[in-house]
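Undergrad: Sequence:
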Amino acid sequence: MENPAGELTPCDRLYLERAYELATRGAGSTAPNPPVGAVVVRDGRAVGEGYHRRAGEAHAERIALERAGSLARGATLYVSLEPCRHHGRTPPCTQAVLDAGIARVVAGTKDPTGHGGAHDLRDAAVAVTIAGDPQARELIEAFAVAHASDRPYVALKMAASLDGMVASRPGIAQRIGSDAEARYVRDLRTRFDAVLVGAATVRIDDPQLTVRPHHDRARPYVRIVARGRQPIPPRSRIFEPVDGYAETMVLSPETGAERVDLETALRALRARGIYSVLCEGGPRLAAGLLAGRLVDRIYWALAPRFLQRPGAVPALSGCDVSRVGLYFDRVERVGSDVMISGVPNDV
Numbered sequence: 005m006e007n008p009a010g011e012l013t014p015c016d017r018l019y020l021e022r023a024y025e026l027a028t029r030g031a032g033s034t035a036p037n038p039p040v041g042a043v044v045v046r047d048g049r050a051v052g053e054g055y056h057r058r059a060g061e062a063h064a065e066r067i068a069l070e071r072a073g074s075l076a077r078g079a080t081l082y083v084s085l086e087p088c089r090h091h092g093r094t095p096p097c098t099q100a101v102l103d104a105g106i107a108r109v110v111a112g113t114k115d116p117t118g119h120g121g122a123h124d125l126r127d128a129a130v131a132v133t134i135a136g137d138p139q140a141r142e143l144i145e146a147f148a149v150a151h152a153s154d155r156p157y158v159a160l161k162m163a164a165s166l167d168g169m170v171a172s173r174p175g176i177a178q179r180i181g182s183d184a185e186a187r188y189v190r191d192l193r194t195r196f197d198a199v200l201v202g203a204a205t206v207r208i209d210d211p212q213l214t215v216r217p218h219h220d221r222a223r224p225y226v227r228i229v230a231r232g233r234q235p236i237p238p239r240s241r242i243f244e245p246v247d248g249y250a251e252t253m254v255l256s257p258e259t260g261a262e263r264v265d266l267e268t269a270l271r272a273l274r275a276r277g278i279y280s281v282l283c284e285g286g287p288r289l290a291a292g293l294l295a296g297r298l299v300d301r302i303y304w305a306l307a308p309r310f311l312q313r314p315g316a317v318p319a320l321s322g323c324d325v326s327r328v329g330l331y332f333d334r335v336e337r338v339g340s341d342v343m344i345s346g347v348p349n350d351v
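When the letters of the sequence shown are read in order and numbered with this note's numbering, they come out as residues 5 to 351.
By construction, these hints were calculated from the structure, which means they are not laboratory data. Glycine included, every Cβ here is placed at the ideal spot set by N, Cα and C. Hints are not guaranteed to be accurate.
[To be verified] Here are the simulated lysine to any residue pairs, SDA-like style, with alpha carbons at most 25 Å apart:
| no. | residue 1 | residue 2 |
| --- | --- | --- |
| 1 | K114 | S165 |
| 2 | K114 | A131 |
| 3 | K114 | R89 |
[Unchecked claim] Restraint-style ranges between C-beta atoms, simulated for each label pair:
| no. | residue 1 | residue 2 | range |
| --- | --- | --- | --- |
| 4 | F310 | E25 | 13 to 23 Å |
| 5 | D103 | D324 | 51 to 61 Å |
| 6 | G92 | D324 | 36 to 46 Å |
| 7 | S74 | T13 | 30 to 40 Å |
| 8 | F332 | P211 | 19 to 29 Å |
My request is simple: use the sequences and hints to build the entire structure.
TA: Printed below as a string of structure tokens:
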């Protein structure tokens, strides 16, 4: 049962926002668990805070409750996600809530796995409000998709001119977006287990694909290249060792094939513990993912320029994407560019 947002007080909203802020600190490090933040409030004052840092370590609720100590009795627990009731690598959070004597729980959204403990808490006379907040659902979007699938959550990021081009001619390194857009993407990478590009992007742009400035994360970051039959230069910067990064992975076609079977490759990545992937192109890889219905969210940066001329490179090529529609739910200004984001759907 989710309660309408109107039933929350301004104070509830304030502390839920704090829980969301705390949850983002674990983004990119908690897989296969979701990022979660929690705040214990008593008499209008926060007396304990916490966030889930990595799988196998204490959940956000337990950390916040331990920091609150005896002040948790009779207090309100604000948490970005409905507390869990299942036994995994750590005990269920519902029991910790009950043991601490919490009187009320306000959660941003329901647990999409069915392991949420709101019902158990209500049975034990704890007042529970599930806000059904879009911001809370956004925090666990990757977790929810990956949990329900046998492949990672895949986000596709592209930057193109207003006329849909990524370069004025083939084979040249050409930045389309602004410096602000580049910083946006580096920050975006921190939310994912891995970043994926095609071999042509490596050969042309020679990217390092790191997060700058360095982002402290509990899980090593993975860089991945999907290649065809052509080799990748072994001295490419993507293969350079970087502290906090795993060894770069290369996805290769099966014997006799010209291109990587993307669906099979993604399932293999999931089997190796990669639950979310940010793909940064290029055009053939992006089109292949879209045509294969393998994209869960798209980030499309529009630069205020035109590149249409003979030989200009379109943002998508090599696959038919005419049956792929998009529902855009976010639009924001990023420097001189516009970043629109949404989810694919069939047309």
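Undergrad: All hints, please: hold or fail.
TA: Checked hints:
1. K114 to S165: Given pair K114, S165 is violated - Cα atoms ~39 Å apart, limit 25 Å.
2. K114 to A131: 15 Å, holds
3. K114 to R89: 12 Å, holds
4. F310 to E25: 13 to 23 Å: 39 Å, violated
5. D103 to D324: 51 to 61 Å: Holds, since D103 and D324 (Cβ atoms, about 57 Å apart) stay within the stated range.
6. G92 to D324: 36 to 46 Å: 42 Å, holds
7. S74 to T13: 30 to 40 Å: 25 Å, violated
8. F332 to P211: 19 to 29 Å: 27 Å, holds
Of the numbered hints given earlier, the model fails hints 1, 4 and 7; all others are met.
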